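Protein sequences appear in the order of chains A and B. Heads up: the first sequence begins at 1 in UniProt numbering, then just goes up one per residue. Heads up: the second sequence begins at 1 in UniProt numbering, then just goes up one per residue.
Quick caveat, the hints were computed from the structure, so don't treat them as lab data. Each hint should be verified, as a subset may be incorrect.
Result set (DSS-like, lysine-lysine): computed pairs, CA atoms no more than 30 angstroms apart in a straight line [stated by the list, open to error]: (1) A:K67 with B:K179; (2) A:K157 with B:K179; (3) A:K143 with B:K163; (4) A:K140 with B:K117; (5) A:K157 with A:K143; (6) A:K35 with A:K72; (7) A:K35 with A:K67; (8) B:K44 with A:K140; (9) B:K163 with A:K157; (10) B:K179 with A:K143; (11) A:K72 with B:K179.
If you're wondering where the values come from, they're calculated on a predicted model, not measured in any experiment.
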Amino acid sequence: MDSSAATEATEAELAFQRAEFLAEDELIEINPMVKSDVITLMRGEFGPFEPSITTTVPLWLALALRKVHRCKILPPRWLTVRELDRYISHERENEAELQAIPFYFSEIASLLLHHASDDLVNPGMLRRCVEDLSNIRDSKMRKWMQENVRDRVNAIKVNNLTLHEISVHRPILTRVLGNLYTIHVAPDTRGLSSTDSTNPSSDTTGASDTRPAQGRQLRRVIRKT
Amino acid sequence: MEDYFSIDDILSSEPRIYATFHVQAHQLAHLDPAGAAAVWSSNKQSSAEDRLDLPSGHRLALPFWLADSLAQRGVAALELPRCFATGARHALRADARAVRLQTRCPAFYALGLRIAKLVRDSRLSEALVRAFADRCWGIVDSAVFAGARGVAALEGLEEKERKLFFAAHGLDIALRRWKERRIDRIGMAHGVLGKRCREEGPGSPVTPSTSKQRLQ
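Go ahead and model the full structure; you've got the sequences and the hints to work with.
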């Protein structure tokens, strides 16, 4: 029984690592400390590198250079206490939806805070703000998921999720909805066509009245998002 | 929907439910030897061949997979198990989270689904859906937040719910590991780790005998 939790854990962990790997392809600005020619990568050409002249490189390259103290990373514009505070207050004000934040928000913040915290201004405070923001979004998402399952809606549409949030919420939500679906659909499958099974106004008994009609479901989803 | 090779599905068809035979079942007395013998001995006209049969109208508990196929042939009538009866449904309706499904039936949803399919009872499946919808987020929350107490919550859970619990728990472990960036660190091997812990312990000298105990 323990092993199933362990498998889930490894799978989810791989998903997080994969997200981080993808995030490392994002571009970021650095101040190099060395002089170098243009570097040709599969992605394109980066450089030339002149000390103290700002240039743009992929995040993985920036982190690798940073590790050997060959550059100083300029944090992205959103990774400042002021900007994050703005995000947080905006997120708090708007209860009905998630705001758009960078797709690799958690990954980039985590990587920079861990590997290049010296280049950031007030990293302790930043760490707290990042955590706050993701907690607020998390609780919103959790609330919606619970509401939607309670109201027996089989689809949820949420915009502006980051990759990290997707890999956190998707396994559970799809599992819950999948279970609900198998329990809910099964009795009609034998002998009836699939269109009948989704239509509550067919000859099934009054108990199915609580199930919302297809149109109402859809409208609800649209209003929710 | 049932998977032929799934052990869980096989187990979910295992619970016994009561069936009543409409007909005299040929050569089936071995299903309930004592009960059949009692009926036949009270019946004076029974022949020796009859004694190998189950008498008509006899009620006995059969595993669901057998009762299911008998009922589909119209040979026997099934009784709804108590865990799906009206009383149990009322309990689920009142507060689904408080019901310990594990003690009622280890594969509650799977069996309920099969029965609902057999008797074409959409109310039963509706009750199951409602029960699961009411319970699922409590399970996820207990898996994520409760830590050690979550394991206690695991006891009342049915098999499908257990899987959900483990999924949520595993995900939470992974998330925490990722947040602490434990992947970046190179850990010590288990053997070394054990030794180090012991040496750091409060003044206990390392002797071969204790280290042997450790290993066991």
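Hints, verified against the model:
1. A:K67 with B:K179: Answer holds: A:K67 to B:K179 is near 20 angstroms, not above 30 angstroms.
2. A:K157 with B:K179: holds (27 angstroms)
3. A:K143 with B:K163: holds (22 angstroms)
4. A:K140 with B:K117: violated (37 angstroms)
5. A:K157 with A:K143: OK: A:K157 and A:K143 at ~13 angstroms, within 30 angstroms.
6. A:K35 with A:K72: holds (14 angstroms)
7. A:K35 with A:K67: Satisfied, since the Cα-Cα distance of roughly 17 angstroms is no more than 30 angstroms.
8. B:K44 with A:K140: Violated, at about 74 angstroms.
9. B:K163 with A:K157: Holds: B:K163 and A:K157 sit about 25 angstroms apart, inside 30 angstroms.
10. B:K179 with A:K143: Cα-Cα ~23 angstroms, so holds.
11. A:K72 with B:K179: Given pair A:K72, B:K179 holds - Cα atoms ~24 angstroms apart, limit 30 angstroms.
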